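Using the sequences and the hints given, assemble the complete structure.
Chain order of the listed sequences is A and B. If you're matching positions, the first sequence starts at 2 in our numbering and goes up one per residue. If you're matching positions, the second sequence starts at 59 in our numbering and goes up one per residue.
Everything labelled a hint here was simulated from the structure, so no lab data went into it. Honestly, I wouldn't trust all of these hints.
As the list claims (entries may be wrong) - Cross-link-like lysine to any residue pairs, in silico, SDA-like; alpha carbons within 20 Å at most:
id, chain 1, residue 1, chain 2, residue 2
1, B, 128, B, 70
2, B, 128, B, 118
3, B, 165, A, 85
4, A, 37, B, 111
5, B, 128, A, 258
6, B, 128, A, 179
7, B, 128, A, 92
8, B, 128, A, 88
9, A, 37, B, 147
10, A, 258, A, 2
11, A, 37, B, 151
12, A, 37, A, 94
13, A, 37, B, 110
14, A, 37, A, 189
15, B, 128, A, 187
16, A, 37, B, 150
17, B, 128, A, 189
18, B, 128, B, 113
19, B, 165, A, 259
20, B, 165, A, 167
21, A, 37, A, 85
22, A, 258, A, 190
23, B, 128, B, 109
24, A, 258, A, 10
25, B, 128, A, 90
26, B, 128, A, 190
27, B, 128, B, 114
28, A, 37, B, 109
29, B, 128, A, 91
As the list claims (entries may be wrong) - Each pair of labels, with its calculated beta carbon distance range:
id, chain 1, residue 1, chain 2, residue 2, range
30, B, 163, A, 219, 48 to 56 Å
31, A, 153, B, 110, 36 to 44 Å
32, A, 267, B, 193, 33 to 41 Å
33, B, 166, A, 102, 22 to 30 Å
34, A, 60, B, 173, 52 to 60 Å
Small disclaimer: the values here were computed from a predicted structure and weren't measured. Idealized CB from N, CA, C, for every residue including glycine.
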Amino acid sequence: MFEPVFLAQQVLNGLSFGALLFLLASGLTLVFGLMKIVNMAHGAFYLLGGYIGVVIAGLTGNLLLAVITAVIVVAATAFIVEVVLLRFVRGQELPEVLLTIGVSFVIADLCLAVFGGDPQNLPTTATIPGALMIGDLVYPWYRIFVIGVAVAIGLGLAFVQTRTRIGAVVRAGVDDREIISAMGVNIAWVFTGMFVVGAGLAALGGTIGSGMQSILPGVQNEVLLYALVVIIIGGLGSVTGAAVGSVLIGLIDAFAKAWIPELAYFTIFLPMALVLVLRPTGLFGRTA
Amino acid sequence: MSLNVTGLHVGYATAQVLHGVDFTIGENETVALLGRNGMGKTTLVRAICGLRPPTITAGGITFGGVDITKRSSHQISRLGIAIVPQGRRVFGSLTTLENLSVIPQRKEIAGERWTVERVFEFFPRLAERQSSMARSLSGGEQQMLAIGRALMTNPSLLIMDEPSEGLAPSVLDVIHDRIEGLRGTGLSTLIAEQNVDLALDMADRVIILDDSGTIPWSGRADELRTDAALLERYLSI
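Below, the structure is given as structure tokens:
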């Protein structure tokens with residue numbers, strides 16, 4: 002239970018699951034930070050991205066092509082959802098949340114009708130073969146690749162947020178969307194852009210995540226739940242918080258499933274409850 | 059470009075605030091909007107700038123001959139109206155420099171273009187604090203930044219809502235001096251202000267809002283300054 006190889010394997014399991022959570026949670030927290038809505042369709046975007054990725058990877062054996070296709074299709078879906086539906090209830094929190102729940106149901110049911118109810122995974126031909134071997138430690142390269150993707154996305158988001166004008170516009174919008182609009186920025190299109198980017202990140206997570214865990218009906222609710230826990234712990238609207246929360250929950254989940262599997266859910270909600278009691282804005286969240 | 063407000067009725071879900079407001083601001087003119095607390099100065103400013111709420115229920119606003127009554131705030135900004143909002147509302151998580159450089163600039167403008175460098179020349183204190191997060195600036199520095207940010211849109215009309223609020227007299231002098239410095243640059247200015255002395259010092263003309271939600275008096279600033287009865291009746295001075 003405390004052997005070094007076992008501990009190292011659980012750390013890597015936690016980090017790879019945390020990486021997947023980060024891809025989901027970063028999009029969710031960015032959308033919340035700017036638009037002040039919790040996008041309940043985020044899990045459905047993950048599900049749709051996962052199915053499309055599995056299908057394209059199955060047809061071509063090419064993971065990059067699968068990711069690109071999934072991201073484009075899901076981003077286009079999110080664009081339509083934002084422009085055709087969400088824009089008309091902008092600023093009305095309850096209708097916005099209920100609408101995204103409705104969109105989630107529609108996407109999930111369409112996925113069930115099109116892709117069926119059987120669990121599906123990326124074909125092994127599309128994943129990265131082999132395993133890292135250090136002494137007795139054997140760990141799949143694919144999971145290490147997922148960690149690398151999440152780190153690259155995290156660094157990319159940080160760069161865009163802190164070093165580009167569009168990043169500054171988004172941060173200004175998070176600070177005061179009314180005033181950035183009064184300064185000539187068409188904030189409605191910034192909202193749309195952020196919603197599309199968030200959905201694209203969920204699709205990326207869905208595709209590469211399907212090489213680690215199966216895509217099947219219902220998974221959208223499970224991943225959404227994890228992502229919500231992550232952003233509540235990290236702080237709503239904070240990408241740094243999403244990164245820290247993802248690693249934390251990934252590690253806790255990995256060790257809890259190994260040591261006390263009967264309490265696995267309890268162990269991720271306990272830190273969330275503690276954070277809500279001790280620091281309601283989350284570890285990196287800001288007060289209103 | 060001149061601003062024309064005609065028969066403007068503005069309100070919120072629970073109350074109508076303005077009941078037929080008419081006034082004009084000409085080119086190069088500095089106009090003070092005065093009135094006791096709660097008379098609707100901020101409501102009028104928000105209505106002109108396209109900020110919602112409140113809602114315009116009747117009447118209209120044109121700017122440079124363009125009807126802006128139903129335009130959104132970003133469209134109104136691009137037509138050349140900039141706001142320095144009450145409470146400054148700088149972007150706290152951005153640096154001073156980012157607060158200025160994040161602003162989109164109008165393409166077609168008359169006169170010299172406002173740039174970050176020009177704003178820093180106009181407010182040297184901002185140049186010294188350009189790398190500081192805006193939330194860490196003093197109230198006076200934030201007010202300079204809010205004015206500089208509005209100028210970065212290269213406006214034809216600058217609307218300032220309570221620019222003196224919460225500022226020390228020494229800072230007020232600087233702000234006053236800088237606003238005076240904008241005269242003759244082709245910029246029109248509307249200043250909604252509680253500080254009557256400051257407003258009268260800066261303005262060519264004054265419009266007063268009262269509790270009827272209309273403008274019972276408008277005229278030259280020096281005319282109001284010498285009319286004790288008017289000051290007492292509408293501004294309780």
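Each hint, compared with the structure:
A hinted pair counts as satisfied when its Cα atoms are at most 20 Å apart, and residue 128 (chain B) with residue 70 (chain B) qualifies at roughly 16 Å. Among the hinted pairs, residue 128 (chain B) with residue 118 (chain B) is consistent with the structure: their alpha-carbon atoms are about 9 Å apart, no more than 20 Å. In summary, the hint linking residue 165 (chain B) to residue 85 (chain A) is not supported, as the alpha carbons are separated by about 30 Å, beyond the 20 Å threshold. Distance hint between residue 37 (chain A) and residue 111 (chain B) is fulfilled; the C-alpha atoms sit about 18 Å from each other, no more than 20 Å.
For a cut-off of 20 Å, the pair hint linking residue 128 (chain B) to residue 258 (chain A) is broken: about 57 Å separates their Cα positions. About 16 Å separates the Cα atoms of residue 128 (chain B) and residue 179 (chain A), which keeps this hinted pair within 20 Å; it holds. About 18 Å separates the Cα atoms of residue 128 (chain B) and residue 92 (chain A), which keeps this hinted pair within 20 Å; it holds. The suggested pairing of residue 128 (chain B) with residue 88 (chain A) holds, with an alpha-carbon distance near 17 Å, which does not exceed 20 Å.
With a CA separation close to 18 Å, the supplied pair residue 37 (chain A) and residue 147 (chain B) stays within the 20 Å bound. For the suggested pair residue 258 (chain A) and residue 2 (chain A), the alpha carbons sit about 12 Å apart, so the restraint of at most 20 Å is met. A hinted pair counts as satisfied when its Cα atoms are at most 20 Å apart, and residue 37 (chain A) with residue 151 (chain B) qualifies at roughly 17 Å. Taking the CA atoms of residue 37 (chain A) and residue 94 (chain A), the gap is about 8 Å. The hint holds against a cut of 20 Å.
Taken as a hint, the residue 37 (chain A) and residue 110 (chain B) pair is honoured in the structure, with Cα atoms around 17 Å apart against an allowance of 20 Å. For the hint pairing residue 37 (chain A) with residue 189 (chain A), the CA-to-CA distance comes to about 13 Å; that is within 20 Å, so the pair holds. Of the supplied pair hints, the one linking residue 128 (chain B) and residue 187 (chain A) holds, its CA atoms being roughly 15 Å apart against a limit of 20 Å. Between residue 37 (chain A) and residue 150 (chain B) the CA atoms are separated by roughly 18 Å; this keeps the pair inside 20 Å, and the hint holds.
Pair hint residue 128 (chain B) plus residue 189 (chain A) holds up; C-alpha atoms about 16 Å apart against a cutoff of 20 Å. The suggested pairing of residue 128 (chain B) with residue 113 (chain B) holds, with an alpha-carbon distance near 10 Å, which does not exceed 20 Å. For the proposed pair residue 165 (chain B) and residue 259 (chain A), the alpha carbon gap of about 61 Å is over 20 Å, so the pair is violated. For the hint pairing residue 165 (chain B) with residue 167 (chain A), the CA-to-CA distance comes to about 19 Å; that is within 20 Å, so the pair holds.
For the given pair, residue 37 (chain A) sits about 19 Å from residue 85 (chain A) by alpha-carbon distance, which is consistent with the 20 Å threshold. Pair hint residue 258 (chain A) plus residue 190 (chain A) does not hold up; C-alpha atoms about 42 Å apart against a cutoff of 20 Å. Between the alpha carbons of residue 128 (chain B) and residue 109 (chain B) the distance comes to roughly 10 Å, so the proposed pair stays at or under 20 Å and holds. This hinted pair checks out: residue 258 (chain A) and residue 10 (chain A) have alpha carbons roughly 13 Å apart, not beyond 20 Å.
The straight-line distance between the Cα atoms of residue 128 (chain B) and residue 90 (chain A) is roughly 18 Å, inside the 20 Å bound, and the hint therefore holds. Taking the CA atoms of residue 128 (chain B) and residue 190 (chain A), the gap is near 19 Å; set against the 20 Å cutoff, the hint holds. Of the supplied pair hints, the one linking residue 128 (chain B) and residue 114 (chain B) holds, its CA atoms being roughly 8 Å apart against a limit of 20 Å. The hinted pair formed by residue 37 (chain A) and residue 109 (chain B) meets the criterion: a straight-line CA distance of about 18 Å does not exceed 20 Å.
With a C-alpha separation of about 17 Å, the suggested pairing of residue 128 (chain B) with residue 91 (chain A) holds against the 20 Å cut-off. At roughly 50 Å, the beta-carbon separation of residue 163 (chain B) and residue 219 (chain A) lies within the given 48 to 56 Å, and the hint holds. About 41 Å separates the C-beta atoms of residue 153 (chain A) and residue 110 (chain B), a value consistent with the hinted range of 36 to 44 Å. Between residue 267 (chain A) and residue 193 (chain B) the beta carbons are some 39 Å apart, a value that agrees with the proposed interval 33 to 41 Å.
About 46 Å separates the C-beta atoms of residue 166 (chain B) and residue 102 (chain A), a value inconsistent with the hinted range of 22 to 30 Å. Distance hint check: the CB atoms of residue 60 (chain A) and residue 173 (chain B) are about 53 Å apart, consistent with the given range 52 to 60 Å.
In this structure, the hints that do not hold are numbers 3, 5, 19, 22 and 33, in rising order.
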